[in-house]
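Novice: Starting from the given sequences, assemble the full structure and let the hints guide the process.
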Amino acid sequence: MVNANYPALRMLYKKYRDDGFEILAFPVNQFGCQAPGTSEMEREYAYRKFQMDDFPVFDKIAVKSKPVRCKGIDPASYEEFKDDPDAILTAPLIDDVTSSSPESPVYAFLKQPPFDGEIPWNYTKFLVGRDGKVLRRYSPGDPLEQGMEEDLKRALAGKELSAKPKNPYL
Amino acid sequence: MDYADDNVVDSSSLGRRTALARVAAIAATIGATTTPVAHARGGVESLYDLTAMQYGKERSLGDFKNKVTVVVNVASE
Numbered sequence: 107m108v109n110a111n112y113p114a115l116r117m118l119y120k121k122y123r124d125d126g127f128e129i130l131a132f133p134v135n136q137f138g139c140q141a142p143g144t145s146e147m148e149r150e151y152a153y154r155k156f157q158m159d160d161f162p163v164f165d166k167i168a169v170k171s172k173p174v175r176c177k178g179i180d181p182a183s184y185e186e187f188k189d190d191p192d193a194i195l196t197a198p199l200i201d202d203v204t205s206s207s208p209e210s211p212v213y214a215f216l217k218q219p220p221f222d223g224e225i226p227w228n229y230t231k232f233l234v235g236r237d238g239k240v241l242r243r244y245s246p247g248d249p250l251e252q253g254m255e256e257d258l259k260r261a262l263a264g265k266e267l268s269a270k271p272k273n274p275y276l
Numbered sequence: 015m016d017y018a019d020d021n022v023v024d025s026s027s028l029g030r031r032t033a034l035a036r037v038a039a040i041a042a043t044i045g046a047t048t049t050p051v052a053h054a055r056g057g058v059e060s061l062y063d064l065t066a067m068q069y070g071k072e073r074s075l076g077d078f079k080n081k082v083t084v085v086v087n088v089a090s091e
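Keeping their order, the protein sequence lines are chains A and B. For this note's numbering, add 106 to where a residue sits in the first sequence, where the first one is 1. For this note's numbering, add 14 to where a residue sits in the second sequence, where the first one is 1.
No lab work stands behind these hints: they were computed from the structure.
EDC-like cross-link-like pairs, simulated, lysine to aspartate or glutamate; straight-line CA separation at most 16 Å:
#1 A:Lys259 with A:Asp124
#2 B:Lys81 with A:Glu128
#3 B:Lys81 with A:Asp237
#4 B:Lys71 with A:Glu146
Specialist: In structure tokens form, the structure reads like this:
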């Protein structure tokens, strides 16, 4: 399945980073256990998929309000398996504490009304203004189809976003 | 008769006032109990007042103050 988020966010980053735009990525192993690697592995994967490595990818966190039980690669075996593309098949797996941890303070902040509601899947996106306040939330789908570029331009210019989101995020 | 009816109306409207006052009192109590809950989120005003772990170390999101950011949760499979 093609993930529209990678090319779309990369395009926006290249186009607007000089105006003060940053992407903050957080690997999360709570949706179909789809981030079983260590933080380092997930970071490298994100760099490959986004085809750029000059944006911050933080360590794995929990974003859901209820814990999820997922397995992950034992960080202790990272050095041994870091270059193995089949690490998920061959490296020892342990209970991933990042999937069963309490929701991170970052997401507790982002998910405040009117942007609340559980994160449904990977690639949910929040646009945050220069003052650190959430401006809009987007579903895991293509951000361009949801009007993110127009929103971003307005946010960078310090203008109010259009009253209605192009797509409601839920 | 009319007088009595007026009295009935009066007492019923008084009852409404009392009820409204009770609702207000309950609302105030709820307000008082939800304030600490909001506070449990740190009373945080800005994403850039928070920190996040990167490379196993705490990083201040203050590094992104005055920028416009998109926060996205990613995965590898």
